[in-house]
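Engineer: If you want the building blocks of each chain, they are given just below.
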Amino acid sequence: MRRYAKKSQTRFLSRRQWLAMVGISGTAAMAGCLGDDDSGDSDDTGDDTSDDSTPADSDSGDSGDSGDSGDSGDSGDSGDSDDSDDEDDAFSDDDDDDEPIDELPEVSGTYDTVTSASFETLNPLYNTEAGAGTAIGRTIDQGYTFDDNNELFPLVYDMNTDDGGMVWVFDITEGLEFSDPYGSVTAEDFVYQIEEVHKSDWANTASSATWGGINIEQTGELQFQAELENPQLLWPQTFDPLEYPIPKGLMEPYVMEEDADGMRQDKELLELQFTGNLGPFVLSDWTRGAGTQYVRNHEYYIQDIDWGPELFNGAPYFEGASISVVEEQASRIGALQSGEADAASIPPERFQEFQDDPNVSMYQIPQPYNTIISVNMRDNGWTTGPGNLFRHMEFRQAMAMAISKQDLIQGVYRGRAQPHYTWQPRFSRWYPGDDSIDQFGSSEQYGEDLARSKAEEAFNKSDYDYRFDGGDLVTPDGNQVELDLYHSAGQDTERLTGEFAAQELEQNLGISVSVEAIDGVRFSNDYWTGTPEGGSATIDGEEVTWDSPAPQNPGPRSVHASEDWDMSLVFGLNTFPQNPLTNQFFFDGPTCFYNPVGYYPEFNAQELFQQAREAETIPEMKEAFDQIFINVAREQPYIMLTFEDDLYGYNPDLVGPSEIFNNGWDLPAWHFEE
Amino acid sequence: MGLGKYITARVAWAGIVSLVIVTIAFILMHFAPNPAIQQAATDAALQGNDPQEAIERAEELRGLDRPIHVQYLDFLQNVYTLNWGWSEYRSQPVPQALLEGLYYSAQYSVPWTILTLLIGPLVGVYSAINMYSWKDHLATGFAFFGFAIPNFFFGIILLLVFAIWLGWVPVIYNPDVAVFSLENIRQLILPVFVLVTGSIGGIMRVSRNESAEFLNADFMKTAKAKGVSPMRAYAYHVMRPTMVPLSTTVVGQLLAIFLGSSVLVEVVFGIPGLGRLTFNALINQDTNLVLGSLLVFTFIGVVGNLIEDLVFTILDPRISYDDR
Amino acid sequence: MATKKPDRFDQVDWDEFTDSTGLSISINTKLMLVAALPLVALYLFDRFRVGEREKTFPKLGEDLGLSGLFETLGLDYNPSNLDYLFIFTIFVFLIYLVLPLYQNPRMTKYYWSEFKRNRPAVVSLVWLGIVFVGGLLGPLFIKRPEQDILRGHQPPAFYHISENHVPRCLGEVSNGRCHGTWAHPLGTTQGGKDILDVIIHGMTISMKIAFITTLIVATIGITFGTVSAFSGGWVDEIMMRFTDIVISFPTFILFLLVLYIYGATLGMFIFVFAIFSWGGTARYVRSKALSVTEEEFIKATNISGASKYRIIRKHVVPNTASSIITQLTLLIPGFILFEAQLAFLGLGDSELPSWGQLIASGRSDLSFAPWIVLAPGFVLFLTILAFNFLGDALLDALNPQAEAEADK
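In order, the protein sequence lines correspond to chains A, B and C. The first sequence begins at 1 in the numbering used here and counts up one residue at a time. The second sequence begins at 675 in the numbering used here and counts up one residue at a time. The third sequence begins at 999 in the numbering used here and counts up one residue at a time.
A hint or two may mislead.
To be verified - Heads up, simulated SDA-like pairs for lysine to any residue below, C-alpha to C-alpha not over 25 Å straight-line:
| id | chain 1 | residue 1 | chain 2 | residue 2 |
| --- | --- | --- | --- | --- |
| 1 | C | K1141 | A | S512 |
| 2 | A | K248 | A | G212 |
| 3 | A | K267 | B | L756 |
| 4 | B | K679 | C | G1231 |
Simulated from the structure, these hints should not be mistaken for laboratory data. As the structure is a prediction and not an experimental result, all values here were calculated from the model.
Put together the whole structure using the sequences plus the hints.
Structural biologist: Written out as structure tokens, the structure is:
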């Protein structure tokens, strides 16, 4: 069931690096998009502001949206002009929330949310879960967030670079205080945290993998700087440099002893007793397995910052807050209906119902996490016969053409999802535009004939005699091609998607697909990741060497996980619309960091990513990315299916939620209408 | 063999049984993949180190590189010294986690047990008195209904009707309300109701059949002839002897239901009790907590059976201690 | 139950007493062999001759040159290992349980007259008959339900729901309400599977669980119980202490543990249920066996020099059979319920068309698509109820004095 799928998932993929990269989307996918069936944390909706897992937070549905606004309803064929407008908006600077307001709202009520998975730990140094990230974020802010214009909004610190992303200067906000006896937040606390804890080889914190090779230096009472190995213009967007302020005095005893267990189990860290004025609320109670309770923090520092919306001046506007762990989806929704909860995620088939319900106001929020079929191009893939056809681009294209995105979206997501053609959602500024990319599986590029003729092209390239025999795709031996498709156990949406894909592949390509449920952890351990061995291979006449193999790319195609598998829906991935450069981890060549499926790009990915990295202007960058995403759309390294929207219901009296990707960044300003 | 000796033997036996179960659990967990080790390998690889080395180091750190019998002895020692370790999944010591779970489980199991023990025999005797009348059929029908309706199925339907549609009881279980408060009664009434209907049937049937025997016994006739009031006669001459055989079956039955149903009822009603704790520990592969809760359940089971036997022996002096 | 206290001396089956070789084969056993041999042959054929991606029956037709015949019969069934076990169990059930009833018409008549006084039990028997036949034959005629997402959430015939909840309404739409159709008399799941079809396939699964588990439990339990009772002394002591341990297992928790670690396929379910559930039966059989041994006729047989095996086989087992059957009948609903509970917790193969999986899959949609939970829930409820009524009635009919004990 989703609960554990999600949880265990996060645990395994624990490194923050990983989170930021795969986004919890991995989780999301496996967790099945709580959107529809409650996977994980969902219901925290408006809280990304402050937690570790901003990307993760949204994991609820791996989705995306054509426009960032509510043109939701019309699935398959959005892409109307509005989108582009919005897009542009998103990057221009008109802040319209700075309108003057006469009077600050009154503090009233409690903000009660529900979540499906209980928190493993609230220790900010060790948490890797989205849900717990939200729970921590109620009491303590992280470095920064992204506002409704997708721009960096400094909270605990601001980050700037003036040499193209090589050296980043962190300016810590003034007036930040820990609880007694730890005093003010200074640069020293951060430098100590990074140098002595994250970079140590004993502590194994959540972000231990993100700071390696980065040179940290304190340059003032409230200022420090980080020098990267390679310039990264969009470093903050990776969420790598996102940390919580933790008092040096608290960490010191454990650092002396190199006592990782002690630090993990420290009561002050676990129960967030050091948070001073650093967050909107103070944790009053954490009942394991049942949730957390908070009371308002009267001294929240955000009231005094001068760069936020005026509404922040009296923040927060709730007397308290709570997060309840409710495992049953029906109960979470019921709690929203009965007013016991102020926010909950809603499955697509009930979206319309609640839209008509005056007790709930509905929001459809685009997401950058995708739903994809990973096809195994390594030697342990294509278990049906010789000559792995997945390795042929044409065959992957044929598969994409065989699955109708429109029917999928209509049937499974009830229209609340967007088609996924290339590795960017439509709302991204980096989306190359509908006309420039292949749209496999759209109404024009879908169908049996198209798919079969594409598949024939792949057969011609193959060394083996695959062919269509009657309706069936048959192996050289004359048997029908039979493939497995794994999905996470307990994920209804994912299972439905899998069964639909199986049906389509059977009908349009004559492949017999068996859809099998698998536990997320087991899949990750035995199928998705292999023991890194490295090695080298000749690809297109060039010798390629795996110098730094990772479990997600253990080496050439001959190196693979212990179990055989053909196709999987278990993991969805983040497409990083905010920082598309991160996608180099997926695509910049056979040796890229994250390549469980053994994809070898047939376009010059490394060069294009290099171009994007070195671009000095945004248009230059855009040009490089356009090329990349056009090629990715053509090559279908993963069979891309959909971006699923997050669907949330809120208490109608609540003022604040909005239908943008960064929904919740301004949680401190949220309040109840009187 | 005297009573004292018998009890000693029984207690010793209970200890052996729990040892065997704990051993089986240890073996099962030993052969399950350990996510912590896997993670160490991943981490190492991410940082460019040798994953194999990391696996070895992680195993060394946890003492998993030692021979299995050493690990086992170590494990046993920890079990019996209550050094049950740290629960990764809840970030608290295992005994504390179990106590917290027990705290919430007890809040519904105590009223449930009391109600079952009160209502079950009463309805059973009532049924027996009115045997084969429509009252008897109604009571029997109810017993069978409760017996046969799956708890979780009944639970989700009641929750939908009474919490979501009618709004009479809260949807979300609130762990922070006082134990003896109206809110707590409101939020526990459904789980207790579901459990009582589930467990009452068995007890009712036993007491109906048992008491039927006593209703026609000579001493009842004598009592009636003497003019003892019917209520008094039923209470003294039917209820009391019925309780003896009943008490022997009750413990076992309640235990069986407790172990099984508590997980489902807690999942359905969102109670953070022992059942859900165990289940979540299991699926999150929190080894320490799984073993800990297994120990608790084994303990409850073994002690329950022990009490059952002892009560039986004490209540019914005809039983010889040698033959059980 | 063949020789239970004959009323008249001339009714005693003297063959049983004169035949002292101990190796004679009864007609039932012969029949069993006749039935089991082709099954074993088919199993071996399946095992060694049929390729992994081939289907058993079409292949058999091919090999026998009867493809045409098989095709006209629509035989393209591909049994799994569990199916073989299931069919074997059914044979055992028919030959050792149903056939003896036919062989002893007098006894049968007596039992039946006792039994039919209990009306709920008769109704239960009819219901279980439906489930049994449906489970046995249903899958031969009804294809395994497949999903079709565009047909999701169709309401049952005579029911209608808001159009908002349905991806594409198959029936007529009026006032924004989608009406059900006879194409799906009980409606469909979220994935568009026909509920009625799933319920019928669920019958097979419940029957498999009921029969196979019971057979294993009975085999282990009876062997253990009788051997223990007859060995006496330290063997008895050890065996019964071992049984104690099995009974003391926190069964449900161990189910979770084993199934979670080793995967929860249907075969695993059955295996685990059986392994942890025979303790009660063993104990019960032992006590029955002990009390039967006290009977005069056993002593007589003993004195006349019959072997121990023979006494057990010919006298003890038949004479305890009725109470054992009753006891097992009351165990079955527990197994079916366990499967449903575990499915509800998300353990188990969600592809398995079992009632529990259906309930689990519909729980989130309960408020607007109640049929997904209610239909299988009701069937599950009725089946458990029927087994209980039946067990109760058997208790009365076969063995009135056992009533109290069996309840324990």
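Engineer: Now, for every hint given, state plainly whether the structure supports it.
Structural biologist: Hints and how they fare:
1. K1141/C with S512/A: Given pair K1141/C, S512/A holds - Cα atoms ~16 Å apart, limit 25 Å.
2. K248/A with G212/A: holds, 20 Å
3. K267/A with L756/B: holds, 21 Å
4. K679/B with G1231/C: holds, 21 Å
Of the hints listed earlier, there is not a single one the structure fails to meet.
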